[in-house]
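**Q** Each chain, letter by letter, is given below.
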Amino acid sequence: MRYRLWILFFFFMAYSSFSYLSAQTIDARFNQANNFYKEAQYKKAIELYEEILKQGKISGPLYYNLGNAYFKDGQLGRAVVSYQRARQWMPRDSDLKANEQYVEAFIKNNPQGVDRFFVARLSFRYFDAWTLDELAKLNVILYFLALIIFLAGFYLKKKELTFFSLILGCLFVFHSYAFIERKQSQENAAVIIQSIEAKFEPMESATTHFSLSEGVKVKILEQEGFWSKIERRDGKKGWVPKSSLEKI
Amino acid sequence: MIRFFRYIAFIVVFCAITSLSLADDLSFQATVDANRVTLDSVVRLSLTIVNAQPSSLELPSIDGFESRYIGPATQVSIINGQVTKSITHNYSLFPTKTGTFQIPALSITIDGKTLTSQAISIEVVDAQTQVPSQSTSQEGSAEKLEDKIFLILEKPRSDIYLGEKILVTIKLFVRGVSLRDIEFPEFDKAYVACDDYRQPNQYQKIIKGLSYDVVEFNIDCYATQLGTRVLGPATLKANLLYKTQKQRPSSFDSFFGDSGFFDNFFDRSEKRPLAVRSQSETINILPLTEQGRPEDFSGGVGKFYFKMTASPLEVKAGDPITVVMNVSGEGNLKTVQLPAFKDTNDFKVYDPQIKEINGTKILEQVIIPKSEKVTAIPAVVFSYFDVGTKQYQTITQGPFPLKVEAPAEGQSFKIIEPSAAITPFVPQEEKLGRDLIFIKESIGPLQFSSQYFYNSFLLKILYALITIVFFVFYFYKIISNHLKKDVALARKLAAPQKARIGMKRMKQLINQQETKDYYDCLFKTLQEYFKDKFHLSSAMVSFTALEEIFKNKKVPQIIIDRVQRLFQECDEVRFASVAYNAEKVKASFNLCEEIIDYFERNVR
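Heads up: the sequence lines are chains A and B, in that order. Going by our numbering, the first sequence opens with residue 1, and the numbers climb by one from there. Going by our numbering, the second sequence opens with residue 1, and the numbers climb by one from there.
FYI, nobody ran anything at the bench for these hints, they're computed from the structure. Accuracy of the hints is not assured; some may be wrong.
Said to hold, decoys possible - Derived Cβ-Cβ restraints for the label pairs, each shown as a range:
#1 B/Asn-455 to A/Ala-129: 19 to 27 Å
#2 A/Ala-129 to B/Asn-218: 52 to 60 Å
#3 A/Trp-6 to B/Lys-586: 48 to 56 Å
What the hints assert, rightly or not - Quick list of in silico lysine-lysine cross-link-like pairs, DSSO-like style, CA-CA up to 27 Å:
#4 B/Lys-237 to A/Lys-199
#5 A/Lys-237 to B/Lys-431
#6 B/Lys-237 to A/Lys-236
#7 B/Lys-431 to A/Lys-108
Beta carbons are placed, not taken as given, at the ideal position from N, Cα and C, and that holds for glycine.
Please build the complete structure, drawing on both the sequences and the hints.
**A** Given below as structure tokens:
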């Protein structure tokens, strides 16, 4: 028994040390990349930021800095993609919002979205302030509370508690809808080449429907061979080569 | 028997499936949704190929129309076991002029077989002409879309001077069609520099008896290169709205008697991007004459007014004087340079502040007389080229007499920095720079890229767990409530549990070799069990009463006999003090176990 405990202890220590050393290395690389950025060596900064990402480690500030570096390096599309990825980790960061708006101003022919009813607009703004993880956690808590309070009302025969659980249940449904809507309907790719023509069919000789500039965000609807069917913010759909897009 | 029916069913289904055969009749058909349309309507052309599915069809250019491919639609139908597959390629045809046009017979080759569609004739009439009426509007000349939408570029005159401001006007004329998403016109600006467009004007104009809606775009431009140059053509992009035809008559229409009101109300439209081009204009850009060119000419071309003021004009040496110069008028105001003061022996001069407000360029400058010997602010000369008189004009302001006193005794000469009290404060709109916000110094909490909670198995487990726990508690409460109301059921459900406790106690007594107590316990266990099982009162639990119940419940006689034997054994030990050996005791225990087990399994 004691022998087994020692082995467990040894593995725990080894894992802790490895994690600590790994974090140290990542911090050092991140700082080095920041230094390259400060010296306006954006390509080198991008290389280092991407190296950290290749290790499978991600964070909001990492994507944010990468977005800045891409933009300064003139890669508008990849900057947009990086900011969108950063948004999934820090949706309430004001710097990120400011930079996203600033970068969007450089996108040519960026179509406006459909005008929504103000209640829908407010709801979308509210839900945009949450990450998908946060929404998922909130939903679990709401679900748990709604059921536990319903049970309490049922056991204690108190209608107030049942009514309260009903409100929580409505909130849970509302948030769940937002969660599903955001997971499914968010624009999930951006154009990373200067300009591309969206065709009516997935073939080079097909008629051009509309054109897309670098940085325009689109939603991928389906894929066929080397082509992706996309939907632009204004609802227009067309086929573009897969290589012209990068998924968020 | 069941197996036999299965075979029959299989054979029936197999026959049904094999009886479905693919029809091999190829056909190719072209249809339109209307044969008579207005110029602002769109025609839907459908090319249907039956029993073949080519991926796309090349539509030749059709006179009188512009075409746009919408997409394919496939259909499969089974009639009398015959499967028919068809693909329909849909196109939108946008009329470009009035008249009668023909969609030619189209041919496609499939598997070596050439199929030809029929030719279709479509009549396009003017939008004002009612489609149902049989008027012969096309008797006159055919009207093109270009007659209904056109763009005109206008210049003020042909000869202009280098740097001169000209107003370029681009007019969009629209009649009888609907345009949406109109963009500002664009034209080549290689030889001119232009400001932003002014607010467009909208009005109506009658040309040759026809009323047009006019949108007028005005833009100020300045000639930048000499020589004969071409201005335009200007191109304006917009979306042209076409009415789509109704697909099929509805019961709604018949109810309202095809009045047309609801047709109009529910009309749908389709947009087609359109680029309208204007004509181009030639302009001759002339150089400014060298004759009479003043030395201080700073590039102003047009007609300008120049004014200068200075205050205060009575100061002590070292006190500031604010000089304000205004230039207004028609011309290249942005490029005009104002004659700012420079440092001299008499004046210390500060950098001027220049701004442009409502078509007036204003220069403000602070000058400071260095000594009491200064008597005047020198005259200032502003020169420009007048395009009206084609000559240089010079406007002189000043000199302004100045009274400068020596500084007070004990005070050395010093230059006072201009303050808000002296320089009139002009509130300016603060122009904020824009750029990226700087990078973050800390990497923040790191996570593995695959560690998304919303996608994790843990989330599903949590939901499942919460749901299961909820239903367990919920149904427990429901069953409890039910049992409180249904005592018979509650007793029936409790009977085996009580029996198990009794059996446990009996086992203990066997081990302790307490035979009498054992039989007491056995009797009580059986009695309690049957009492609860059949919801009986204590008085009713005698074998005679039980025997009747058993018979009603159709309990086999052998079981009834066993119950009777057990009860007898209990009575013999309890009342006649008969002593049984250990084997007999154990046998009675097993018998009791069997009986309870039987009743639990077989008797409801």
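**Q** Decide, hint by hint, whether the structure agrees.
**A** Against the structure, the hints:
{"no.": "1", "hint": "B/Asn-455 to A/Ala-129: 19 to 27 Å", "result": "21 Å, holds"}
{"no.": "2", "hint": "A/Ala-129 to B/Asn-218: 52 to 60 Å", "result": "45 Å, violated"}
{"no.": "3", "hint": "A/Trp-6 to B/Lys-586: 48 to 56 Å", "result": "53 Å, holds"}
{"no.": "4", "hint": "B/Lys-237 to A/Lys-199", "result": "20 Å, holds"}
{"no.": "5", "hint": "A/Lys-237 to B/Lys-431", "result": "40 Å, violated"}
{"no.": "6", "hint": "B/Lys-237 to A/Lys-236", "result": "18 Å, holds"}
{"no.": "7", "hint": "B/Lys-431 to A/Lys-108", "result": "24 Å, holds"}
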